[in-house]
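*Asks:* Chain by chain, the residues run as shown.
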Amino acid sequence: MNGLTGAYVPGSSALHRLPPGAKLLGLAVACTGLLLLPTPAALAGAAAVVALLYALSRVGWAAAWAQVRPVRWFAVALFAVQLAFSGPEGAVTATLRVVLAVALAGLVTLTTRTSDLMACLERRLAVARVVGLDPFRVSLLLSLTLRSVPVVAGLAVRVREAQRARGVERSVRAFAVPLVVGALRHADALGEALSARGLDDAD
Amino acid sequence: MKDEAHRQVRRFPTSDLARVAVFAALIAVLGLPGSINVFGNAVPITLQTFGVMLAGAILGTWRGALAVAVLLVLVAAGLPLLAGGRGGLGVFALPSAGFLIGWLPGAAVTGWLVERGGRTPGLVRLVAACLVGGVGVIYLFGIPVQAAITGLSLGKTILLSAAFLPGDIAKAVITALVARGTQRAYPDAVPAVHRERVRAAGGR
Numbered sequence: 001m002n003g004l005t006g007a008y009v010p011g012s013s014a015l016h017r018l019p020p021g022a023k024l025l026g027l028a029v030a031c032t033g034l035l036l037l038p039t040p041a042a043l044a045g046a047a048a049v050v051a052l053l054y055a056l057s058r059v060g061w062a063a064a065w066a067q068v069r070p071v072r073w074f075a076v077a078l079f080a081v082q083l084a085f086s087g088p089e090g091a092v093t094a095t096l097r098v099v100l101a102v103a104l105a106g107l108v109t110l111t112t113r114t115s116d117l118m119a120c121l122e123r124r125l126a127v128a129r130v131v132g133l134d135p136f137r138v139s140l141l142l143s144l145t146l147r148s149v150p151v152v153a154g155l156a157v158r159v160r161e162a163q164r165a166r167g168v169e170r171s172v173r174a175f176a177v178p179l180v181v182g183a184l185r186h187a188d189a190l191g192e193a194l195s196a197r198g199l200d201d202a203d
Numbered sequence: 001m002k003d004e005a006h007r008q009v010r011r012f013p014t015s016d017l018a019r020v021a022v023f024a025a026l027i028a029v030l031g032l033p034g035s036i037n038v039f040g041n042a043v044p045i046t047l048q049t050f051g052v053m054l055a056g057a058i059l060g061t062w063r064g065a066l067a068v069a070v071l072l073v074l075v076a077a078g079l080p081l082l083a084g085g086r087g088g089l090g091v092f093a094l095p096s097a098g099f100l101i102g103w104l105p106g107a108a109v110t111g112w113l114v115e116r117g118g119r120t121p122g123l124v125r126l127v128a129a130c131l132v133g134g135v136g137v138i139y140l141f142g143i144p145v146q147a148a149i150t151g152l153s154l155g156k157t158i159l160l161s162a163a164f165l166p167g168d169i170a171k172a173v174i175t176a177l178v179a180r181g182t183q184r185a186y187p188d189a190v191p192a193v194h195r196e197r198v199r200a201a202g203g204r
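As given, the protein sequences belong to chains A and B, one line each in that order. When you line the first sequence up against the working numbering, it's residues 1 to 203, in that order. When you line the second sequence up against the working numbering, it's residues 1 to 204, in that order.
Incorrect hints may have been included.
[As the list claims (entries may be wrong)] To give a feel for the contact side, a few chain B residues facing chain A, derived at Cβ under 8 Å:
hint	residue
1	T14
2	A25
3	V29
4	L72
5	L74
6	L79
7	L152
8	I158
9	S161
10	A162
11	F164
12	L165
13	I169
14	A185
15	P187
Read the hints as simulated data drawn from the structure, not as lab findings. Everything numeric in this text was worked out from a predicted model, so none of it was measured. Glycine included, each C-beta is placed from N, C-alpha and C at the ideal position.
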């Protein structure tokens, strides 16, 4: 839940000042590039570059580790499987690739405010108009979703408590059906509220 | 041109917009670890495919896929909305990227199969829809991408994925039961019923 506000670390490094669009593009290019690097040595070079970028951003060790930490067990499992199937070289390559991609994505997250990222996304969405989508609606859809996450999470907690009180803790249906019905009720009420504010008549 | 734009808006009323947003949020919430321990403290399985199948079965083909698309766009923007707090463009470079992309057609196919069931999709249809859309289609996209990224052969990747198959089949069956329960308690949760109601309300 806490992650929703983003893991942004305030700062004034070159990476912080780079426009979000450029960072996203750079990330996409870098991730593709990682897939094309064939040997562990090349990837070790890439790792050095990533470490340098982190140093430049001055986000600190704790923040950097927090970005990579969620994939640590996944990385171990991947390494083990690759070791069994394609030897030590393949294992190092595949694992480094994944960890570096995650680290780079994390760096963008750490140096960019979520609001800036969303604003950048919204500007890009202007392209959507070409295919007949209304950018306003698309951005409304995205922000409604973000707003709904805590609401649905709260609903899940309430249903869970009710389930405990009823003594049906282990029943998946007793949890999921009320949760989904509750989510739908919320959605339909939300839809009516939006409609009542005249959003259906907009443009 | 103006008329065209107007029709576009009609086809996507705010009631649908709200449903799509809330279901995208539901998929995200199903990925929040700790807050939902459906199986007690068992292994951390991603419950998000529940949400993907439910989005298809309850919202229908296009809205279901749109809910998944919204979630994936937000994930790509760096929000940690995937299970275990993952997010960012990096996830689309992971070996599991194909499975994520497969969520889109997975939700759509689930929805399409449920919609063919009309106003009262039966349990058998729901189970079939979840199995085909939520397991078959997702694997169809996930396995080749996993093979390409990890560099393993397709055969070996299929063998590795087979370990998840029993769990995924169980998830599909449970989703169908949940969808059935939801549609009984809230008839508007059937895509065909909802569409009729929206048409009746908006038929000005």
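*Asks:* Taking the earlier hints as the rules, which of them does this structure contradict?
*Replies:* 4, 8, 9, 10, 11, 12, 13, 15
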